[in-house]
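Chemist: Residue numbers (UniProt numbering): 1 to 309.
It is worth saying that the hints were derived from the structure and are not from the lab. From a predicted model like this one, the values you see are computed outputs, not experimental measurements. Some clues are possibly wrong.
[To be verified] Simulated pairs of lysine to aspartate or glutamate, DMTMM-like, Cα-Cα distance not exceeding 20 Å: (1) K140 - E57; (2) K236 - D192; (3) K140 - E19; (4) K188 - E81; (5) K205 - D192; (6) K11 - E57; (7) K162 - E57; (8) K140 - E81; (9) K188 - E57.
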Amino acid sequence: NTMSMVPMIIKPHHPRASEAATKYFLMQTTASALILVTGLLNTWQTGQWALTHTTQEATLALTLALMLKLGLVPGHFWLPEVFQGTSTLTALVISTWQKLIPLAILFSITTSPSTTVLTLGLLSALVGGWMGLNQTQMRKLLAFSSIAHMGWLITGLTLNPKLATFTLLIYGINTTTLFLIFIMTTTKSVADLPLMLSRYPLLTKSLLLSTLSLGGLPPLAGFLPKWFILDTLISKNLLLMATLLALASLPSLFFYTRLTYVATLTQPPTTLPAKHKWRLSTTLPPALATLTPLIFLLPPLTPALLDSA
């Protein structure tokens, strides 16, 4: 899995891409080696290879290795640099598809609410939100967004696997929509956003919905996982954790709202009286035409999805 991503990262044939591929390779192989060594030591102590029979020390080491693979606190430093050095499409794959296997392993070793995982989830949500505030490059901003949302996801994972699956589904829809918009509009930084409305009005509206949904505003789909996670924390009498996690979402909400404001309510200086550019795109690609309505349709379907899971 790791080796398949290295050629994708290095594909642009740029020194920055080579640097990103090197960082990705070193971090992933370090985490894989730690997982392998931990598995061998656990087998030597317990006599079993199963992930469900791990000692407390092995569980802690595996958790830290998986945090490094996922790009979460305390091993989150490589993720923004890799995102910035590779293409937007590759960054989309890293932020969605590449998360599945580490999350599956984390689910296997987390049989009950873990203080370690809850703490790392809270720290990831805090770090992702605060470090994303001063970012102007879109890929770095999306990297810190991924760190923050993965913090929420692993918090839900240690509380309720169904809730974690639903959170991953919502995160995947919103993130894929946002990445596809930036790919189609070739948006690289916040400075490019004021040009979107005059050239791509429909894509700008999809951007508005997806960013606000990622920020967790009701009645959009991104609000529901955060609401359910906070409700579960409160029901388990983890009031301090719920309060801190809710406060950690405010910085993320701020920079999502800032993106929305820059894209929809600001215009670059122009001497032309026309509202739209003559190269106007009024069509919505099929992928976005499918993903964007889900941001509205998933909230009423959520109870049925969770009950059937």
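Chemist: For the pair supplied as a hint, K140 and E81, is the alpha-carbon distance within the 20 Å limit?
Modeler: Satisfied, since the Cα-Cα distance of roughly 7 Å is no more than 20 Å.
Chemist: Holds or violated: K188 with E57, Cα cutoff 20 Å?
Modeler: Violated: K188 and E57 sit about 43 Å apart, past 20 Å.
Chemist: Just to be careful, I want the Cα atoms of K11 and E57 compared with a cutoff of 20 Å; is the pair within it?
Modeler: Given pair K11, E57 is violated - Cα atoms ~39 Å apart, limit 20 Å.
Chemist: Quickly compare the C-alpha distance for K140 and E57 to 20 Å and report which way the hint goes.
Modeler: violated (34 Å)
Chemist: Check the hint pairing K140 with E19 against an upper bound of 20 Å on the C-alpha distance.
Modeler: holds (15 Å)
Chemist: For K205 and D192, compute the direct alpha-carbon distance and say whether it is at most 20 Å.
Modeler: With Cα atoms ~16 Å apart, K205 and D192 stay inside 20 Å; holds.
Chemist: Decide if the proposed pair is consistent with the structure: K188 and E81, CA atoms, cutoff 20 Å inclusive.
Modeler: holds (14 Å)
Chemist: Taking only the CA atoms, is the gap from K236 to D192 under or equal to 20 Å?
Modeler: Outside the cut-off at roughly 45 Å; violated.
Chemist: Below or equal to 20 Å on CA atoms is what counts here, so check K162 against E57.
Modeler: violated (27 Å)
Taken one by one, the earlier hints fail for this structure at numbers 1, 2, 6, 7 and 9, listed in ascending order.
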